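Listed in order, the protein sequences are those of chains Z and F.
Take the first sequence: its position 183, counting from 1, is numbered 184 in my numbering, and each next residue is one higher.
Take the second sequence: its position 39, counting from 1, is numbered 130 in my numbering, and each next residue is one higher.
Simulated from the structure, these hints should not be mistaken for lab results.
You may find that some hints are simply not true.
[To be verified] In silico lysine-lysine, DSSO-like type, Cα no more than 30 Å apart, as pairs:
hint : chain 1 : residue 1 : chain 2 : residue 2
1    : Z       : K153      : Z       : K217
2    : Z       : K110      : Z       : K246
3    : F       : K138      : Z       : K217
4    : F       : K197      : Z       : K64
5    : Z       : K153      : Z       : K184
6    : Z       : K177      : F       : K138
7    : Z       : K59       : Z       : K298
8    : F       : K413      : Z       : K153
9    : Z       : K73       : Z       : K297
10   : F       : K197      : Z       : K159
11   : F       : K413      : Z       : K176
12   : Z       : K73       : Z       : K184
13   : Z       : K217      : Z       : K291
14   : Z       : K59       : F       : K138
15   : Z       : K217      : F       : K413
16   : Z       : K297      : Z       : K246
[Unchecked claim] Pairwise CB distance ranges (calculated):
hint : chain 1 : residue 1 : chain 2 : residue 2 : range
17   : Z       : R107      : F       : L428      : 56 to 64 Å
18   : Z       : K153      : F       : M419      : 23 to 31 Å
19   : Z       : I315      : F       : L296      : 26 to 34 Å
20   : Z       : H186      : F       : I137      : 36 to 44 Å
21   : Z       : R257      : F       : Q205      : 54 to 62 Å
22   : F       : V235      : Z       : S129      : 48 to 56 Å
23   : Z       : I315      : F       : G131      : 36 to 44 Å
Treat the numbers as computed from the prediction; the structure is a model and nothing was measured.
Beta carbons are placed, not taken as given, at the ideal position from N, Cα and C, and that holds for glycine.
Chain by chain, the residues:
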Amino acid sequence: MKKIINTAIVILATILLLPGCTGSDKDDGTITVGFSQIGAESAWRVANTESIRSEAAKRPNIKLIFSDAQQKQENQIKAIRNFIAQGVDVIAFSPVVETGFEAVLREAKDAGIPVILIDRAVDVQDDSLWVTFMGSDFVEEGRRAARWLIEKGYTNVKIVELQGTVGSAPAIDRKKGFEEVIKDHPGMVVIKSQSGNFTRSGGKEIMEAFLKTDGKEINVLFSHNDDMAIGAIQAIEEYGLAPGKDIIIVSIDAVRGAFEAMIEGKLNCTVECSPLLGPQMFDAVEALAKGESIPKKIVTEEGVFPQETAAEAIGSRKY
Amino acid sequence: MNIVKKKTSLLNFGLSELSIIYPLLAFIAILLFNLVFTEGFFHIEIKNGHLFGSLIDIFNRGAPVILITIGMTLVYATGGVDLSVGAIIAISGALAAQMIRPDYVKGILEYGDQTSLIMVLLVPLALSIILGLWNGFLVAYIGVQPIIATLILMTVGRGIAQLITHGQIIVFEHQPFQFIGSGFFLGLPFPVIMVILLFALTWALTRKTTLGLFIEASGANPLASRYMGIPVRVITTLTYGFSGFCAGLAGLIITADIKAADANNAGIFMELDAIAAVIIGGTINGGRFSMAGAIIGALIIQSLTTTIITRGVPPQVVLVFKAVIIIMVALIQSKKLRDQLSLILHSGDRPS
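Given these sequences and hints, build the entire structure.
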């Protein structure tokens, strides 16, 4: 019985794949893009997929073949091999893990198909196996948070910092970027810094403890993500201070919750870390199809949203 | 000779009841350290009619771990362990938030009618108890190893919680429910009140009735206990059910406190804190348990966390720091080690 079902699935799958194989639509201007996504493990990732899909639908000359790897590398390698067999024009993928893609990327290169890395990097010896990496610059996000404070004139302040998960790239880089900018301003001092693991409850517990010891002195809170900032806002309110006024709060990510907090006047600024890579990704794809050269690293276009712009920007927040 | 004997007994301090003295000493040591070195740690003031200070924080932040520790102690005394409490915390919180804001996951921000507090409490708690009983059933009736039986729910449970929330963080406003996490009663944070009530109830049930003895007997020697007429299987199942209930309560507190259900992170690794607390507290796996000791164990862990945060220990070394202290407390607990130590200390008194 099992055998019959398996055979049926194989036959069905072959039939479904046939149009893809035979369709050698080379000269009608259509660009076929194969995209292998990691999965749907977080709201951020879901928004990322949505952005790429909706952007592809908007461009008539693009044909997107979407494949979900469901967090498994073998699925992803299989998907990329399928893309090669189907003769797509460009392959894009967010690697599940960093290593182990050498062989399949070489196959793509031999077939003359350019590969774009989305959001995550791969660890391969030969750089020429992929044409560009597209994603956020976490260091720059940290710098932007610091620059916003300086622009607003908060240059003589005592700062507490809520770090992300110890050892994670965004936590390390955001801290680095922030420190890099404030070191030119001796008036800006980080008096306490602790990890809240990127969670609300972590942010709340740590802010509570910070307030107990240095409550009167804290002027600014810098949080590595919005969730921790939102937790900290509750702690500040329970302590009896006004978040956003008595303590200036700047955080990173720009998720919808942060905009809600800004509209209530409790958060001052959020620096975007955007999953909406769709438009830039297909700009790059079109450039590649025209034979133009593109930079090896494309940094996501990201904004800084101060409180004043929150009300008008919230409508466009999808995640 | 006489002197030696006295000293030894002083070090061993009784065999059962007084073993709580060691965790208590460790807890006092941590507090003393803060009294001397951390400015303002013992400062308690009355703010808006309730108590306010780092000490209160230890009890308040420690409440969820203490609650699951109460359940874990009983499970541990039956010779089992419950790894699933962290996952049950996530499920209970996710369900409560989902009931308050049923359409949020579909992107609809309107609340509809306010869900009644009774339902928001009862449904998640009922499910938590059922999940706990399921663990107990696997252990007592099917004969699955406790660590495996509860590992199943530990893994699956977080997935269930994510299914409930559709992988999103459900945020909500619900004044009566929020009271459970951040309200105050008689000047104390409400989670602390809940801990006191649950502890009193459990203590009365296990120490004023024979139930406690039955639990210890079931753990120490299941076969003999069964021949004596103790319903070992029922008791084991019920302790897991109770552990599920405690985890459900903890989940409600955590969720109500941050006004959001975070299925990915709520209660993560909390089962390990609870197990550590039980062991620090001097409960034997399958046998005598010390509820007060376990609670002090949980307080040790939380006071460490609060100390670390207020003193600004760099986050990279926090876990190592915690581990070292817990190892030290566990070592003092060991009777074997204390005997060895007293032998070494008093070897000089001996004639040979």
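Hint-by-hint comparison with the structure:
Annotation: proposed proximity of K153 (chain Z) to K217 (chain Z) holds, straight-line Cα distance about 21 Å (limit 30 Å). Our distance criterion of 30 Å between C-alpha atoms is broken by K110 (chain Z) and K246 (chain Z), whose separation comes to about 55 Å. Restraint check: the Cα-Cα separation between K138 (chain F) and K217 (chain Z) comes to about 15 Å, which is no more than 30 Å; the hinted pair holds. Distance hint between K197 (chain F) and K64 (chain Z) is fulfilled; the C-alpha atoms sit about 28 Å from each other, no more than 30 Å.
Pair hint K153 (chain Z) plus K184 (chain Z) holds up; C-alpha atoms about 17 Å apart against a cutoff of 30 Å. A threshold of 30 Å between alpha carbons decides the hint, and for K177 (chain Z) with K138 (chain F) the separation of about 38 Å lies outside it, so the pair is violated. The suggested pairing of K59 (chain Z) with K298 (chain Z) holds, with an alpha-carbon distance near 25 Å, which does not exceed 30 Å. Using a Cα cut-off of 30 Å, the hinted pair K413 (chain F) and K153 (chain Z) is violated, with the two alpha carbons roughly 40 Å apart.
Of the supplied pair hints, the one linking K73 (chain Z) and K297 (chain Z) holds, its CA atoms being roughly 26 Å apart against a limit of 30 Å. Distance hint between K197 (chain F) and K159 (chain Z) is unfulfilled; the C-alpha atoms sit about 41 Å from each other, more than 30 Å. A C-alpha spacing of about 24 Å is found between K413 (chain F) and K176 (chain Z), which places the hinted pair at or below 30 Å, so the restraint holds. Distance hint between K73 (chain Z) and K184 (chain Z) is unfulfilled; the C-alpha atoms sit about 42 Å from each other, more than 30 Å.
Between K217 (chain Z) and K291 (chain Z), the direct Cα distance comes to roughly 60 Å. Violation of the 30 Å bound is thereby established for this hinted pair. Restraint check: the Cα-Cα separation between K59 (chain Z) and K138 (chain F) comes to about 57 Å, which exceeds 30 Å; the hinted pair is violated. Of the supplied pair hints, the one linking K217 (chain Z) and K413 (chain F) holds, its CA atoms being roughly 29 Å apart against a limit of 30 Å. Between the alpha carbons of K297 (chain Z) and K246 (chain Z) the distance comes to roughly 42 Å, so the proposed pair goes past 30 Å and is violated.
A hinted range of 56 to 64 Å holds for the C-beta pair R107 (chain Z) and L428 (chain F), which are about 59 Å apart. Evaluation of the 23 to 31 Å hint for K153 (chain Z) and M419 (chain F) yields a failure: the beta carbon distance comes to about 47 Å. In this structure, I315 (chain Z) and L296 (chain F) break the distance hint of 26 to 34 Å, their C-beta atoms being roughly 51 Å apart. Remark: the range hint 36 to 44 Å for H186 (chain Z) to I137 (chain F) is upheld by a beta-carbon distance near 39 Å.
At about 22 Å, the beta-carbon gap between R257 (chain Z) and Q205 (chain F) misses the expected band of 54 to 62 Å. Restraint check, V235 (chain F) to S129 (chain Z): a C-beta distance of roughly 53 Å satisfies the suggested window 48 to 56 Å. Checked against the hint of 36 to 44 Å, the pair I315 (chain Z) and G131 (chain F) passes, with Cβ atoms roughly 39 Å apart.
Of the numbered hints stated above, those contradicted by the structure are hints 2, 6, 8, 10, 12, 13, 14, 16, 18, 19 and 21, listed in ascending order.
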